[in-house]
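Number of protein chains: 2
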Amino acid sequence: MSVPPELSALRASIDNLDAALVHLLAERFRCTQRVGHLKHELGLPAADPVREEQQLARLRVLASDAGLDPVFAEKVLGFIIAEVIRNHGIIAEGAAVGSADEA
Amino acid sequence: MSVPPELSALRASIDNLDAALVHLLAERFRCTQRVGHLKHELGLPAADPVREEQQLARLRVLASDAGLDPVFAEKVLGFIIAEVIRNHGIIAEGAAVGSADEA
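Residue numbers (the working numbering), protein chains in the order written: chain A, 1123 to 1225; chain B, 1123 to 1225.
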């Protein structure tokens, strides 16, 4: 089945945006990995609920300004943070307990 | 409690990346909303499993090239797609059934 040209054009834009999202996520993950190792070195607590609440509050404002549903944005970032914490947990199993949870 | 400078610097990078992610998500959502309306106008089926599988296969390659865990990338995009479909479902309730599910 042939794809209508306008749909094809929109899909090309979505594909470009997804490629950009993947590269930003890759860079974000590099940063959080370095945070995890740094906190382990400094003996800092793994989780920081105050920081996390600041991140989500800022995100809601940014999303609203960008015309994105703030609830949707918060869910997506919340999901990313949860995955990062989970992945850090896997990494930390080889090092020390509670060393790398910042998201 | 004061934040160590290196941690503070990493957090500033994470905040910048999150702002970029929010804006990309906002633009992606604009595209998928237009796809939803277009498919409704053209009477095309809401879901396209072949397209979705192509998206995820491409994403795995991109993630791997960018040094991002492909499983993590697929989970994040899968989550975004599921949320888009859910949001489209809410929008479609006011229009016609099955009009706007492309993600």
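It should be emphasised that the hints constitute simulated quantities derived from the structure, not laboratory data.
Beta carbons: idealized from backbone N, C-alpha and C, even for Gly.
Wrong hints could be hidden among the right ones.
Residues from chain B that face chain A, not an exhaustive set, calculated with beta carbons under 7 Å [said to hold, decoys possible]: (1) V1183; (2) L1184; (3) P1192; (4) I1203; (5) E1205.
We went through each hint and held it up to the structure:
Taken as an interface hint, V1183/B does not check out: its beta carbon lies about 10 Å from the nearest beta carbon of chain A, beyond 7 Å. With its C-beta approaching chain A no nearer than about 5 Å, L1184/B sits inside the 7 Å limit, and its interface hint holds. Residue-level restraint check for P1192/B is violated (minimum Cβ-Cβ distance to chain A is 10 Å; threshold 7 Å). Against a cut-off of 7 Å between C-beta atoms, the interface hint on I1203/B is violated, since the closest Cβ of chain A lies about 10 Å away.
This hint holds: E1205/B has a C-beta 6 Å from the nearest C-beta of chain A, less than the 7 Å allowed.
Violated hints for the displayed structure, listed by number in ascending order: 1, 3, 4.
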